[in-house]
Amino acid sequence: AQSVAQPEDQVNVAEGNPLTVKCTYSVSGNPYLFWYVQYPNRGLQFLLKYITGDNLVKGSYGFEAEFNKSQTSFHLKKPSALVSDSALYFCAVRRYNFNKFYFGSGTKLNVKP
Amino acid sequence: GAGVSQTPSNKVTEKGKYVELRCDPISGHTALYWYRQSLGQGPEFLIYFQGTGAADDSGLPNDRFFAVRPEGSVSTLKIQRTERGDSAVYLCASSRGYSGTPGEQFFGPGTRLTVL
Numbered sequence: 007a008q009s010v011a012q013p014e015d016q017v018n019v020a021e022g023n024p025l026t027v028k029c030t031y032s033v034s035g036n037p038y039l040f041w042y043v044q045y046p047n048r049g050l051q052f053l054l055k056y057i058t059g060d061n062l063v064k065g066s067y068g069f070e071a072e073f074n075k076s077q078t079s080f081h082l083k084k085p086s087a088l089v090s091d092s093a094l095y096f097c098a099v100r101r102y103n104f105n106k107f108y109f110g111s112g113t114k115l116n117v118k119p
Numbered sequence: 106g107a108g109v110s111q112t113p114s115n116k117v118t119e120k121g122k123y124v125e126l127r128c129d130p131i132s133g134h135t136a137l138y139w140y141r142q143s144l145g146q147g148p149e150f151l152i153y154f155q156g157t158g159a160a161d162d163s164g165l166p167n168d169r170f171f172a173v174r175p176e177g178s179v180s181t182l183k184i185q186r187t188e189r190g191d192s193a194v195y196l197c198a199s200s201r202g203y204s205g206t207p208g209e210q211f212f213g214p215g216t217r218l219t220v221l
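Protein chains in written order, with our numbering: chain A, 7 to 119; chain B, 106 to 221.
Okay, chain A solo, but in the shape it has when bound:
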């Protein structure tokens, strides 16, 4: 079965510090991996994706994520957090050649001034 796990319901970090939001996945075959962000009262917004190639993917708002095949992980990172990064973050996976997306349960990121 295909699935995504976000082991932390909430991550707290001080502004200016690096942040990591964890994601692990289980999928048959090659995965396509995504991160989305959801701000209050707004729709989900695309941050970045891994399809193939370089394991380090850079996305919007200074976020990046590293694909680790051996650990089946795709953690979201940012070198210096901003208060405005506070939001709900979702990791998603799709199997190669399939259309169905599987989302994690989300991680609430709190960045404190």
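These aren't lab readings, by the way, just hints derived from the structure by calculation. Take these hints with a grain of salt, some might be off.
Claimed, not checked - Computed footprint of chain B on chain A, listed as stretches where at least three residues anywhere in the stretch have a Cβ under 8 Å from a Cβ of chain B: (1) 27-36; (2) 83-90.
What the hints assert, rightly or not - Computed spacing ranges between beta-carbons, pair by pair: (3) A/G22 with B/A160: 43 to 49 Å; (4) B/E209 with A/T26: 20 to 26 Å; (5) A/G22 with B/Q146: 28 to 34 Å; (6) A/N23 with B/E188: 41 to 47 Å.
Since the model is a prediction, treat every value here as computed from it, not as a measurement. Cβ coordinates follow ideal geometry from the N, Cα and C atoms, glycine included.
Starting from the structure of chain A, add chain B where the hints point.
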């Protein structure tokens, strides 16, 4: 330009009633997805359209749920004999379509369905 829009934004209905939820995707986007998001959970895939056809409806929970996209643009999610467990936010997303690699999905704001 205009993003994905969904109507209504909120829908309250009684158990056993029929509801229709509408999604207007971004113009030119051939791929359209419906998801359901319950409180504290991530989006749960329901159905995927490529053009007018439902290419993957494996996420529809039962035969009370049905979706159409007759002209390859607007889509309607239809729920018959609603149950209290159907209460959730229903999300629609569109993308440029599958051309070997998946494109970015653009999500609408969702329709919050409450079944009393």
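task: Against the structure, test the hints numbered earlier, and report the numbers of the ones violated in rising order.
output: Of the numbered hints, 1 and 2 do not hold.
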